[in-house]
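Take the sequences, apply the hints, and build the full model.
Order-wise, the sequence lines are chains Y and E. With the first sequence counted from 1, adding 1010 to any position gets you the numbering used here. With the second sequence counted from 1, adding 1 to any position gets you the numbering used here.
Hint data in this document are derived by calculation from the structure and do not stem from the laboratory. Hints should not be assumed to be uniformly reliable.
[Stated by the list, open to error] Just the calculated beta-carbon pair ranges, DEER-fashion:
# : chain 1 : residue 1 : chain 2 : residue 2 : range
1 : Y       : Ser1531   : E       : Asp3      : 17 to 25 Å
2 : E       : Asn223    : Y       : Trp1425   : 54 to 62 Å
3 : Y       : Ala1321   : E       : Leu52     : 53 to 61 Å
4 : E       : Ala17     : Y       : Ala1321   : 18 to 26 Å
5 : E       : Leu41     : Y       : Arg1179   : 54 to 62 Å
6 : E       : Leu52     : Y       : Ala1476   : 30 to 38 Å
7 : E       : Ala17     : Y       : Ala1476   : 35 to 43 Å
In this text, a Cβ means the ideal position worked out from N, Cα and C, and glycines have one as well.
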Amino acid sequence: MIELPNERKIDIEPGLKRMILIELIFPVVLLVLGIYHGMMQVLYRSGMIHTRKVLGLEYYQGLTLHGVINAIVFTTFFAVAFGYAVIRFYLERPLNMKVAWLSFALMIVGTLLAAAAILSGTSSVLYTFYPPLRAHPAFYVGLTLVVVGSWIAFFNWMPAYSGWKREHRGEKVPLAVVGIFAAFVVWLIATIPVAIEIIFLLLPWSLGWVATVNVPLARMLFWFFGHPLVYFWLLPSYVMYYTMLPKLAGGKLFSDFAGRLTFMWLVLYSAPVGIHHQFTEPGISSTWKFVHAFFTMLVAVPSFATAFALAASMEHGARQNGGRGLLGWWKKLPYIDKERWLFGYFFCGLVIFIFGGVTGIINASYNLDVVVHNTSWLPAHFHQTVAGPIFLSYIAMSLFLVVKLTGKEIKFPGWNVWVPYIWTLGIMIFSTGLFIGGAGGEPRRTNMGLTYTNPESPLYHADWQAAKMLGSIGGTIMTLAALIFFVVFFATLFARSARAGALELIVSEPFHDENVRAVQSFTPWLAGAVLLLVIAYAPPIAQTLRSNFPGAPPYTPDSPLPISAAKP
Amino acid sequence: MDALRLERRLIIIAVAFVLTLFGLAALAVNMFHVGLPTCLTDIKPFQKGELITHSPTHYELHYVARMWEFDPEEVTVPVGSTIDIYVSTRDVTHGLILLGTDLNLMAVPGVVNYARVKFDKPGVHQLLCHEYCGTGHDRMAANLRVVDLATFQAKQSAPVQTQPSDPTYKLLEAKDCLTCHSIDGSEGIGPTLKGIYGRKTKLTNGSTVVADDVYLRESIVNPSAKITDGFDDLMPKPELTEQEVNAIVEYLENLK
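Here it is in structure tokens:
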């Protein structure tokens, strides 16, 4: 890869380098399995497979793997690895390696425990693990260790952050560092309720220490976590978009302030919105559903700001490249460019995200949710966000960091530049099929090949077949893109180093470098976030506690009888 | 223009835009009464599904969701009537979507959910479970038929088709056997019991057995001993007395 101008590289400690590399490579290896079952799912659902399992992997077991690996393990590992890279690169302060390895070990052990629990077939509860379906205790312990490990990584960066601020009084903290800290502040806000759910409700219940669980409370704590979680995934992508994309486009970041405001806004608003996942549920009053719908709308605002700032930045870059006219400048961007290949990954993610954002507003629109709730519309939206900008930027940055840290050259660069475009084509076809099916009531998370897409079943839906075919064509194209990426990634990994590895990130300069005091400190935004959380969650949580709902005993997915009554 | 002023203006536009969308949703609640379920705390979760007639145009329908069926599985209501639907679950979390309508409700353990629907046109609506609820989730479905008033009244006055009243059938029902095994030959989580006696059965270990008394007894008392090919080892050991096992084996011998 030819160097972009003004690239700064720093030599980092070998231990830190090794850890970042493993944290990037390990989840990409697991992703092979996660994407394999993504492919299998479209085959099951379209009715090309009419069985419960293929090659020993049962449908719902594979679905649990697909969710846990792709959405929890891959994202958390990447966020931690990328966080280490950004913090070390911009703050240039040493990090405590003992603490770093502790965090690393907890995350690896946790992942292996959860993987063992899922592969043993005793934890096919999907990655939302709603009680009273019960997973093996190792599943809950494993996920908890992954989360605690990521917390420790964040705590490890804090001294570097405050040390840097002491030495640079009055200066703005680098934008990328603010973004990473925003991501992990949101992560901390999100994971505290789910840690409470797991440690106090699910784990003792799954071990048989308590007989029943308060399901409405557990669900509310889960979604208290479940929505800010997506901003934890999105924020590292936003860091790449704000700090790297403008330079790759050939210009500067239009507004430094837009980035800071976006990050702070997400700290403020990402969490008091979780009940919009529970609109059709009993046990929560419609008043509080309405309040959460209101906050959910406001959390869309920073994405509008981002769309504007990034489009303006790309326009600036394109005009530097000789672009002209009101719209003609769009032609002067490095869409297919072996040297600036990251641009294609970022750009495609943004294109997909336009659709993900629009459908997100539809889902959040209070009563409109009754049309789409729990239909395949939801995974279509979900893939256009998580498997769009987040997935593409994460795999791109994993490859970029591996190349830079090991000093290797990308293998098959001509193939690599096409990966995001093939992926985008696939995901647009895939989600079109799922949107159409979902609007017609096709349920999500269902092995439809056994019934609804099985002509031999009395439940067969001929009217769903066309949409399902679209879904499987799109899913196949997505898998093809992923396969090309895996070939590029692993071929690069096993190639010989061309030079000494160093930590290197792309750094865009700001075009407008305003210094607005209100976005320079986390404190007021965090205080606001806590206040909003108390307003949004204290009454509905009190409702679930006061209502004295009968508790639920544990069930395995295999039997309609509770575990105590079933086979030992 | 100064960048900050431009940005301030854009953020105001974005906020105004999303709040307009929110306002439209609120307007729909007021004008079209498209609301969301709210918290009902005064109804104890019920265990049995039924259709209660309040008046010829007003009905109350209690759905019980359980792994992996809805109770009642078949419901008929007259066109133009208002139905208050209450939903409860006997085991795990389920979801209800009534195709062709806006009925979309979660069934959460411990709580009763509620929605009101009105049918203006005759037709059959399929009710599907749309929340993963275990192995049999993919076949959890029921029907709600909307018929014209004359058909409805004719059906009501006709003798109700009775369930088999055999005490052993009731035992099979009480022990939850029929959740997985049908007696009418239809596909289920486990093999159908119809015509099982004397049937040549291929097992997962590759061998083939003829289902005789000994095999049936073993399969009831120790379900994991032999597994029919194409099925999984899921069945729990039932709690049955010796007499009950004898009665079931005898019942199966005659179930042609």
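Check your understanding: Is the gap between the beta carbons of E/Ala17 and Y/Ala1476 within 35 to 43 Å?
Key -> 39 Å, holds
Review point. Is it true that E/Ala17 and Y/Ala1321 lie within 18 to 26 Å of each other by Cβ?
Key: Given range 18 to 26 Å: holds, Cβ gap about 20 Å.
Practice item. Take a look at whether the Cβ-Cβ distance between E/Leu52 and Y/Ala1476 falls inside 30 to 38 Å. Key: With a Cβ separation near 35 Å, E/Leu52 and Y/Ala1476 satisfy 30 to 38 Å, so the hint holds.
Review point. Taking 54 to 62 Å as the hint, is the beta-carbon distance of E/Asn223 and Y/Trp1425 inside that range?
Key: 56 Å, holds
Review point. Could one say that the CB atoms of E/Leu41 and Y/Arg1179 fall in the range 54 to 62 Å?
Key: Given about 57 Å between the Cβ atoms, the range holds.
Practice item. Given the hint of 17 to 25 Å, check if Y/Ser1531 and E/Asp3 actually sit that far apart at their C-beta atoms. Key: 24 Å, holds
Practice item. Return holds or violated for the Cβ distance of Y/Ala1321 and E/Leu52 against the range 53 to 61 Å. Key: Because 56 Å falls inside the window, the suggested range holds.
In summary, this structure violates none of the numbered hints.
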